[in-house]
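*Asks:* Please model the complete structure; the sequences and the hints are all you need to start from.
Protein chains in written order, with my numbering: chain P, 1 to 357; chain V, 1 to 301; chain Z, 1 to 271.
By construction, these hints were calculated from the structure, which means they are not laboratory data. What you are looking at is a predicted structure, and each value in this text was computed from that prediction instead of being measured. Take these hints with a grain of salt, some might be off.
Each pair of labels, with its calculated beta carbon distance range [what the hints assert, rightly or not]:
id, chain 1, residue 1, chain 2, residue 2, range
1, V, N292, P, E66, 49 to 55 Å
2, P, E69, V, L221, 44 to 50 Å
3, Z, F19, V, L221, 54 to 60 Å
4, V, T202, P, N126, 22 to 28 Å
5, P, L103, Z, R172, 46 to 52 Å
6, V, L283, Z, W47, 49 to 55 Å
7, P, L103, V, A282, 57 to 63 Å
8, Z, F19, V, A81, 42 to 48 Å
9, V, L221, Z, E55, 50 to 56 Å
Virtual Cβ for every residue (Gly too), placed ideally from N, Cα, C.
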Amino acid sequence: MIELNSVTKRFGRTVALDSVTLTIQRGEFFSLLGPSGCGKSTLLRTISGFEHPDEGDIYIDGQSMEGVEANRRPTNLVFQNYAIFPHMTVGQNVGFGLRRKGLRKGEIKSQVNAALEMVSLEGLENRHAHTLSGGQRQRVALARALIMRPKVLLLDEPLSALDKKLREQMQFELRHLQRAVGITFLLVTHDQEEALTMSDRIAIMFNGRIAQLASPEEIYARPLSKQVAEFIGSMSFLRAETLSQTIDAITIRIEGLGTATLPRPAQLSAAMKKNITVGVRPELLTILFDPSETFEFETPGTITGRVYYGDMTYYEVRLNNSSQVVTVSMRNTAGRSILSEDSAVRIGWDSSSITLI
Amino acid sequence: MGKEKLLKFVTTRQFIRTEQGRGLTLMGVPFIYAALLLAAPLTAVFALSFWSQDYLEIDRTFTLANYHEVWSQPIYRVLMARSLGVSTLVTLVTVTLAFPIAYFISFHIHPSKKLLWIFLITIPFWTSYLMRIFLWKVILGYNGVINGSLTRLGIIEEPLSFILYNFNAVVITLSHAWAPFAILPIFVSLEKIDRSLLEAATDLGDGPVRRFLCITLPLALPGIVAACLIVFIPTVGDYVTPRLVGGPDGLMIANIIEVQFKRANNPPLGAALAVSAMAIVALASLLFVRLNRKYLRSNSS
Amino acid sequence: MKWTLKYGLWAYVSLYLIFLYMPALLLPIFALNDSRIVAFPLQGLTWRWFALLWETEALHDALRNSLIIASITAFMSTIFGLMAARASSRYAFPMRKGMAALVMIPLVLPEIIVGVSLLVVVMQFGFDLSLWTIILGHVLICTPFCVVVMSTAFNNFDRSLEEAAFDLGATRGATFRWVSLPLVLPGVIASLLISFTISLDEFIIAFFLAGVDVTLPVYIWGLLRFPARLPSVMALGTFLLAASLLLLISAEVIRRYGARRAGTSSNGHLF
Numbered sequence: 001m002i003e004l005n006s007v008t009k010r011f012g013r014t015v016a017l018d019s020v021t022l023t024i025q026r027g028e029f030f031s032l033l034g035p036s037g038c039g040k041s042t043l044l045r046t047i048s049g050f051e052h053p054d055e056g057d058i059y060i061d062g063q064s065m066e067g068v069e070a071n072r073r074p075t076n077l078v079f080q081n082y083a084i085f086p087h088m089t090v091g092q093n094v095g096f097g098l099r100r101k102g103l104r105k106g107e108i109k110s111q112v113n114a115a116l117e118m119v120s121l122e123g124l125e126n127r128h129a130h131t132l133s134g135g136q137r138q139r140v141a142l143a144r145a146l147i148m149r150p151k152v153l154l155l156d157e158p159l160s161a162l163d164k165k166l167r168e169q170m171q172f173e174l175r176h177l178q179r180a181v182g183i184t185f186l187l188v189t190h191d192q193e194e195a196l197t198m199s200d201r202i203a204i205m206f207n208g209r210i211a212q213l214a215s216p217e218e219i220y221a222r223p224l225s226k227q228v229a230e231f232i233g234s235m236s237f238l239r240a241e242t243l244s245q246t247i248d249a250i251t252i253r254i255e256g257l258g259t260a261t262l263p264r265p266a267q268l269s270a271a272m273k274k275n276i277t278v279g280v281r282p283e284l285l286t287i288l289f290d291p292s293e294t295f296e297f298e299t300p301g302t303i304t305g306r307v308y309y310g311d312m313t314y315y316e317v318r319l320n321n322s323s324q325v326v327t328v329s330m331r332n333t334a335g336r337s338i339l340s341e342d343s344a345v346r347i348g349w350d351s352s353s354i355t356l357i
Numbered sequence: 001m002g003k004e005k006l007l008k009f010v011t012t013r014q015f016i017r018t019e020q021g022r023g024l025t026l027m028g029v030p031f032i033y034a035a036l037l038l039a040a041p042l043t044a045v046f047a048l049s050f051w052s053q054d055y056l057e058i059d060r061t062f063t064l065a066n067y068h069e070v071w072s073q074p075i076y077r078v079l080m081a082r083s084l085g086v087s088t089l090v091t092l093v094t095v096t097l098a099f100p101i102a103y104f105i106s107f108h109i110h111p112s113k114k115l116l117w118i119f120l121i122t123i124p125f126w127t128s129y130l131m132r133i134f135l136w137k138v139i140l141g142y143n144g145v146i147n148g149s150l151t152r153l154g155i156i157e158e159p160l161s162f163i164l165y166n167f168n169a170v171v172i173t174l175s176h177a178w179a180p181f182a183i184l185p186i187f188v189s190l191e192k193i194d195r196s197l198l199e200a201a202t203d204l205g206d207g208p209v210r211r212f213l214c215i216t217l218p219l220a221l222p223g224i225v226a227a228c229l230i231v232f233i234p235t236v237g238d239y240v241t242p243r244l245v246g247g248p249d250g251l252m253i254a255n256i257i258e259v260q261f262k263r264a265n266n267p268p269l270g271a272a273l274a275v276s277a278m279a280i281v282a283l284a285s286l287l288f289v290r291l292n293r294k295y296l297r298s299n300s301s
Numbered sequence: 001m002k003w004t005l006k007y008g009l010w011a012y013v014s015l016y017l018i019f020l021y022m023p024a025l026l027l028p029i030f031a032l033n034d035s036r037i038v039a040f041p042l043q044g045l046t047w048r049w050f051a052l053l054w055e056t057e058a059l060h061d062a063l064r065n066s067l068i069i070a071s072i073t074a075f076m077s078t079i080f081g082l083m084a085a086r087a088s089s090r091y092a093f094p095m096r097k098g099m100a101a102l103v104m105i106p107l108v109l110p111e112i113i114v115g116v117s118l119l120v121v122v123m124q125f126g127f128d129l130s131l132w133t134i135i136l137g138h139v140l141i142c143t144p145f146c147v148v149v150m151s152t153a154f155n156n157f158d159r160s161l162e163e164a165a166f167d168l169g170a171t172r173g174a175t176f177r178w179v180s181l182p183l184v185l186p187g188v189i190a191s192l193l194i195s196f197t198i199s200l201d202e203f204i205i206a207f208f209l210a211g212v213d214v215t216l217p218v219y220i221w222g223l224l225r226f227p228a229r230l231p232s233v234m235a236l237g238t239f240l241l242a243a244s245l246l247l248l249i250s251a252e253v254i255r256r257y258g259a260r261r262a263g264t265s266s267n268g269h270l271f
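*Replies:* Here's what the structure looks like:
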């Protein structure tokens, strides 16, 4: 649906997009995820036609977008601040694009009503834009873009202006809406949770480049770099040493944790260096509360800090015989007490807890 | 259309379609207007000041005679000095009188009523400029409002002569005429002051006087400087007020420029006067801004 | 201490307001005073100076000339102000500051200089002085004010609104017509009003550049030398003050209506 061929965009000396190549499938919910200033918004604005690439080509539905301005592209954009026209009613806002197309009044009215119904705003077409709440404004912006039946709907941080509750609700709604209309959605966000919950695929961007492009599960479980791993979820990084390696397995000794043999990940075909870093997600480690519980590997440690989240508690554990610290998350199930600092604990883990980076 | 011309046409059209091109095209229209009707005429005045009038013709041989006359004849020096003196005094009086008003509206008036007060300040200025000046003649004159009332009340026997057709009358009248132009910029700069700064100063134990001198006044300085320039520059060239209330001893540089261009029919000399006046005003303004910057820098360090 | 300061300030403000309003208050008094001499004591009430205004043909011509000049000036300088403000708030291009500075220069130039320099050019090229030469000068001095007013309007303007309209398929023209213009309309009206008033009241440039047809201020200037005509000048002044107040109040009503429609909160209200 969208094809980018080594798209480069510079602003003065800074390179906002550094030879980005990317293909987005028809009907996909695709997210561009990255910290602010990574180029994701520039990429979105380049696709929508507000910025023009210095090098490279953009194709939408097989058609080159070179020299095609934003108002003639088969894309529509939901702006971060929604950009609701303040001097118009909800109905006039939603019908704006159709009026510019020169459709008949009756036709516009019925389409506007249908679009408002789709975003559950039926009956509000005569309300003035400034009387709307943040969530309603967002729905108006969505309806205003979707009524144009774009081939791609572009969303620029659409949930960032909403409060937490509403944001979570809108994540579900956006996903449902996308399924219902079948339009390709391209979402830009800095919020990993948004990207993970809604997307079919995610591209993580740093410094104008795509660092990893994969499904949410893949990105979470097998981040390609430390940068990606740090950005998505939380991860403890540990020094380790490669002891031996074959074509499909690697044996490593992790300082303070122990020795394990892991299957070689597909993306690591070259020989491993001797000194490496491995990552471990907090939920893949367990603090063993009961002496009868056993694990593939067990390592002693001392709690140095804890953060209580209600349903979960995050512990910082210093591994005995090492200065290395890992984070362990534990579900606060019935009967499980919250451990205090300086408690000695046993950490249980297995070889699948460890991620080679 | 030739091929080259067509190519040029196409590239011009393409240029207009770029962001830069759009900006340049938009700005270009008022710019060209100002260039044609301001920059070019000012250049013409400058050129004219080096020529001379030969009865009905203009002699275009280069001469410094006009400037020599302007800078050596006492009459022009007196007029120039008086113009500068009047402007400086008017600026001082107007801005000093205006500051408390701007302060009052900004700090003692409820925000919802501020615009009403600004309106209140500007209403008297919605009458013709000429008439306002003329009415000051009525107020200050021999049988005017002030002298008439004071005489009838028996406070004075002779009309007060220090406000009659002289320098003082010009200063009073101009101070009135430019009042809103001084109040508004000061008001705007006072409005911009973050009120929490003042609360912080009080919290840190500053008294009202200290707070005013150390925080309010320095922060309002840009507005005060703007007010000074806005009042100073145009008043140097004021024509109407000296003619109406100035009497023979109140005439200013604009009056003599007008005389040279119209009745005396010596435009080159008028041009030399205009150029000299402009140069002096520009110099004085620059000096003022420079001094102010220096003061601000020494104050902040 | 605090209270005396506050009352002192109030007292000062009251005195200052008397100073400000003194001339304006005298206008209607002398306009209705039944005497040929504009001085105290007052003689009694009359409307004849207003009636005289009605009968003076030359005055009507001058007023008509002034209205024509002010209308054309307001229109042209607002368009120039719109262009310059839009260019400097929206686009980046070389020489932007320098070009804007030249347009703004009349703001810091004594009007007599503008009048003189235009007169020199007109004389050099042998053009006839007419209403148009006055308009040229007035547009020059009004444009900077319009730029200031329009810049405020454009700076408060959210650029993504234009992008949204463009993204929804509107052409640049349609975007301006349906989104940008309605949103800066209060600024346009303010700009028209300000330039109209400045032009209507401007004397020096009109004095230098007027040909056979004179403007109202130039006409009044002529009258000021004939004491017998002064009461009718007062009547004229009263009339002009009332008219401009009416204009200003209606403009504020329109602005507030516009602000309510656009949903932008206006800071402060007049009434």
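*Asks:* Each hint should be assessed against the structure and marked as holding or not.
*Replies:* Each hint, compared with the structure:
1. V/N292 with P/E66: 49 to 55 Å: Because 53 Å falls inside the window, the suggested range holds.
2. P/E69 with V/L221: 44 to 50 Å: Holds, at about 47 Å.
3. Z/F19 with V/L221: 54 to 60 Å: violated, 25 Å
4. V/T202 with P/N126: 22 to 28 Å: Given a distance of about 50 Å, which is not inside 22 to 28 Å, the answer is violated.
5. P/L103 with Z/R172: 46 to 52 Å: Violated, at about 21 Å.
6. V/L283 with Z/W47: 49 to 55 Å: holds, 53 Å
7. P/L103 with V/A282: 57 to 63 Å: holds, 60 Å
8. Z/F19 with V/A81: 42 to 48 Å: violated, 28 Å
9. V/L221 with Z/E55: 50 to 56 Å: This hint holds: roughly 54 Å between Cβ atoms.
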